[in-house]
Amino acid sequence: MSQSPSTLFEKVWNAHVVRHIADGPDVLFIDRHFIHEVTSPVAFLGLEQRGLKVMYPERTFATADHNTPTINQDQPVKDPLSANQLRALESNAKKYGISHWGLNNPKNGIVHVIGPENGITLPGMTIVCGDSHTSTHGAFGAIAFGIGTSEVEMVLSSQCIMQPRPKKMRIKVDGQLGKGVTPKDVILYIISQLTAAGATGYFVEYAGSVFENMTMEGRMTVCNMSIEMGARGGMVAPDETTFNYIKGRDKAPRGEAWEKAMAYWKTLKTDEGATFDKEYHYNAADIEPMITFGTNPGMGIGISQHIPATHETGAGKASYEKSLNYMGFHEDEAMLGKKVDYVFIGSCTNGRIEDFRAFASIVKGRKKADNVTAWIVPGSHIVEQQIREEGIYDILTEAGFQLRQPGCSACLAMNDDKIPAGKYAVSTSNRNFEGRQGPGARTLLASPLVAAAAAVTGVVTDPRTLL
Amino acid sequence: MAYDKFNILTSTAVPLPIENVDTDQIIPARFLKATERKGFGDNLFRDWRYNGDDSPKKDFVLNNPIYKGKILVGGKNFGCGSSREHAAWAVYDYGFRCVVSSFFADIFRGNCLNVGILPVQVSDAFLDKIFKAIENDPNAQLEVSLPAQTITILATGEKESFDINGYKKDNLSNGYDDIDFLQAIKKDIEQFATTRPF
Ligand code: SF4
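Listed in order, the protein sequences are those of chains U and F. Read in the numbering used here, the first sequence has 473 at position 314, and its numbers run on one by one without any break. Read in the numbering used here, the second sequence has 12 at position 22, and its numbers run on one by one without any break.
With the rest of the complex left out, here is chain U (with noise of 0.2 Å):
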């Protein structure tokens, strides 16, 4: 029997629909379920209410992240609220037979960094947790997104969700990437040309020889701020590089079972022939290290560059100058040079080895800049001691930082890590809303290296003249 050409994200979504109906969603199966504390606590209750149990508790996996405190984490946790919501986590854990990495667990981290670390994120999969930037495990071929706290319930309840089929979109760059221009700075500039609402409704592939040539890690950066577009999710093919990250960690397969994992996750790529409904295509000689001047990701420039004047009318300028009036800056302004008062290093988007490697190539040698206050937070445990182990923790040291506890600190700042009303950070993470990383707070978001150069120069830098 011939097939029709698919693509990628249609070989995984055909190979987990239970059921399709009629003028409505597919009923899809769910592989891996991740939790934590904030979000699932109203869906363990929703269970109670019903009467239900979680079907297949060893296909999810609880982990305290979004509300932790990023120092002291042997003393309990002084916030009632949190403290609350992780003692909610870890009760619902046991009671229903579900894994639990809480708090000073070797494995607890920032639930999408641990779930690749760890081996539990495989290409093929179906993978969903109440976070939106789950996206970040399609980086392996897998199917991954965020999801709501009803949908939290419903996978307990039933291991599955209902979903419309998202559209496909393939969004291919290639070339070489400049010095100093990492992962962030590519998805940001791929933001910046399709807008935050650009890829609504849409599944993203990643394709072409950048993304071909990249590491797991920044195949994860990329992947993970898909959301920030509008898409559902985005995934790469997997490849040596992707099996090479497997192998051997906690919970990949083994032996016989490998094998046949390789023989069929080499079938997980788009076929010759096959369809998009939409496609993009970027020259990677374009990009330059970016950083955000608004308060959504897809308002974003090259770091030499000038905050572009609006040639909107209506509410598009009057969001626009909102925006602006927020952040404090005006049109035709350069970004290079501003002041800077806090360096975020961390979360999902950038918590991993290597974003902790770029950041230590700057700082190496020099100091951090005084009127800098920097927060460096690990994405996990396992992150914490490969940067001691590495020597990057020395190098931060003899800079004058300051090595936290991982969680995801700042990049939402539910915990203490808010950045003051009106100060200005160079974040790393993936989010410049209004009030994201603290009330009146003012977000820059950027690469490592970016945040790395402005931490020591204390201003807007462009990172390449330090390397």
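Heads up, a few of these hints could be off.
List time: in silico EDC-like cross-link candidates among lysine to aspartate or glutamate, alpha-carbon distance up to 20 Å [to be verified]: (1) 23/F to 575/U; (2) 577/U to 37/F; (3) 28/F to 207/U; (4) 212/U to 178/F; (5) 159/F to 182/U; (6) 176/F to 185/U; (7) 159/F to 217/U; (8) 481/U to 37/F; (9) 23/F to 169/U; (10) 212/U to 170/F; (11) 66/F to 553/U; (12) 176/F to 217/U; (13) 476/U to 118/F; (14) 254/U to 26/F; (15) 23/F to 249/U; (16) 481/U to 170/F; (17) 577/U to 114/F.
It is worth saying that the hints were derived from the structure and are not from the lab. Bear in mind the structure is a predicted one, so any value in this text is a computation, not a measurement.
Assemble chain F with the ligand onto chain U, guided by the hints.
Leaving out everything else, chain F with the ligand in the frame of chain U:
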């Protein structure tokens, strides 16, 4: 979580003509610490609605008694940002049953449908007409009919139809949800699970 059945809603509307209203504005992250689904309406648009000292911001529309009703009309790309369902709860809990915009972020739209809010997507031109109608008369009534899939500005009779898939339409009009459906097909799911390699 059961919710009210949706049939035909006739109401005045609250206008929020801002684009890219994100879920961090709808409900800031610091209010996500509850372990129960209660009281989110109080913090809907918290930072736009209140000053740091909890005094209401006079110029924000929810603080203006002229505007009220069960329909929220927002600018393009409403609900972008995080997957937090709390945003939809906040909208529902405040008393809205319907959100109208010319474009919705995917997850937010899905969350709305899951909690019993009808997201109505209209054309840019029709959205402008609605804003104008409310500007002319804050008591202007809109009629949203789920069975007919139409939204009408009653003062002028101008009408537009909107899309919703048949399955969700059924759910909303009966007040039941996906979990009810999935429980009914549990046998199929068990069967399917045995075919998964991981
Ligand atoms: S780091 Fe930020 S985006 Fe990532 S899981 Fe935590 S809160 Fe979500």
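Tested hints:
Taking the CA atoms of residue 23/F and residue 575/U, the gap is near 13 Å; set against the 20 Å cutoff, the hint holds. The hinted pair formed by residue 577/U and residue 37/F meets the criterion: a straight-line CA distance of about 15 Å does not exceed 20 Å. Our distance criterion of 20 Å between C-alpha atoms is met by residue 28/F and residue 207/U, whose separation comes to about 16 Å. With a C-alpha separation of about 17 Å, the suggested pairing of residue 212/U with residue 178/F holds against the 20 Å cut-off.
Between residue 159/F and residue 182/U the alpha-carbon distance is near 10 Å, which keeps this suggested pair within the 20 Å criterion. Straight-line distance between C-alpha atoms of residue 176/F and residue 185/U comes to about 15 Å, which keeps the hinted pair within the 20 Å bound. For the hint pairing residue 159/F with residue 217/U, the CA-to-CA distance comes to about 34 Å; that exceeds 20 Å, so the pair is violated. Taking the CA atoms of residue 481/U and residue 37/F, the gap is about 14 Å. The hint holds against a cut of 20 Å.
Proximity of residue 23/F to residue 169/U is assessed by CA-CA distance (about 37 Å); at most 20 Å being required, the pair is judged violated. Restraint check for residue 212/U and residue 170/F: the C-alpha separation of about 14 Å stays at or below 20 Å, so the hint holds. Among the hinted pairs, residue 66/F with residue 553/U is inconsistent with the structure: their alpha-carbon atoms are about 49 Å apart, more than 20 Å. Taken as a hint, the residue 176/F and residue 217/U pair is honoured in the structure, with Cα atoms around 17 Å apart against an allowance of 20 Å.
Taking the CA atoms of residue 476/U and residue 118/F, the gap is near 15 Å; set against the 20 Å cutoff, the hint holds. Restraint check for residue 254/U and residue 26/F: satisfied, since their Cα atoms lie roughly 18 Å apart, inside the 20 Å limit. Only pairs whose Cα atoms come within 20 Å are accepted, and residue 23/F paired with residue 249/U is accepted, the gap being roughly 15 Å. Proximity of residue 481/U to residue 170/F is assessed by CA-CA distance (about 43 Å); at most 20 Å being required, the pair is judged violated.
For the suggested pair residue 577/U and residue 114/F, the alpha carbons sit about 37 Å apart, so the restraint of at most 20 Å is broken.
Consistency note: the structure conflicts with the earlier hints numbered 7, 9, 11, 16 and 17.
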